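Undergrad: Please work from the sequences and hints to get the whole structure.
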Amino acid sequence: MIMNKNIILCGVGGQGTILASKLIAAAAMDNGFPVMSAETIGMAQRGGSVFSHVRYGYGLHSPMIAHGEADIILGFEPGETVRMLPFLAKNGTVVTSSRAVMPVTATLTGSSYNGGEMIAYLRSHVKKLFIINPEKACKEIGSKKVLNTLLLGAAALSGALGFSEEDMKKAVKSRLPERFHELNLRALEYVRTHSE
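Heads up: the sequence shown begins at 373 in this note's numbering, then just goes up one per residue.
Just so you know, these hints were derived from the structure itself, not from any lab.
Be careful, since some hints might not be right.
Unchecked claim - Calculated lysine to aspartate or glutamate pairs in the DMTMM-like style (CA-CA distance at most 20 Å, straight line):
id	residue 1	residue 2
1	LYS516	GLU550
2	LYS517	GLU561
3	LYS500	GLU512
4	LYS377	GLU550
Keep in mind it's a predicted model, so treat the numbers as computed, not measured.
TA: Right, here's the structure in full:
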């Protein structure tokens, strides 16, 4: 079974990064694992860079993950995912959204950014890479607010997260208000039911 896991989540404010880290922590606790986490809540305004470190298992002494030790990176935005790559372990897994979010700095300088270069960089530098196209998925699910559970579903399917889809469903049911259950459960199932 699981020993220790080091997980980094990264994105920009408003994407649900912090909630996703809390759902992973909940799944770990529900399975009897000690959990440590650290996050940048202060930057969580829309457009600001946000990241979380989540560690679960035994013998952990700090919530922070060192460079080269993340088992999995969940990237909510491709540029932020590239920025966190130094943390990825040699055989680590990356699950990322292909949807680019224009950084505030690019908006202010008038430069363009579509994320395509970042995805190409990830393809050439990451062996275990899973790319989620949230545009299609969110349209079929019926909400733009399920990117976080889409990525969690993909992470569970990859095996790198250490928890099953069922574990994540239990975390959703126990931590989210009931009115959000159906939508988020569909998002968790989406990757499995729509993988080619």
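Undergrad: Against this structure, judge whether each hint is valid.
TA: How the hints compare with the structure:
1. Taking the CA atoms of LYS516 and GLU550, the gap is about 18 Å. The hint holds against a cut of 20 Å.
2. For the hint pairing LYS517 with GLU561, the CA-to-CA distance comes to about 15 Å; that is within 20 Å, so the pair holds.
3. Under the criterion of a C-alpha separation no larger than 20 Å, the hint pairing LYS500 with GLU512 is inconsistent with the structure, at around 26 Å.
4. Only pairs whose Cα atoms come within 20 Å are accepted, and LYS377 paired with GLU550 is rejected, the gap being roughly 29 Å.
Consistency with the previously given hints fails for numbers 3, 4, ordered from lowest to highest.
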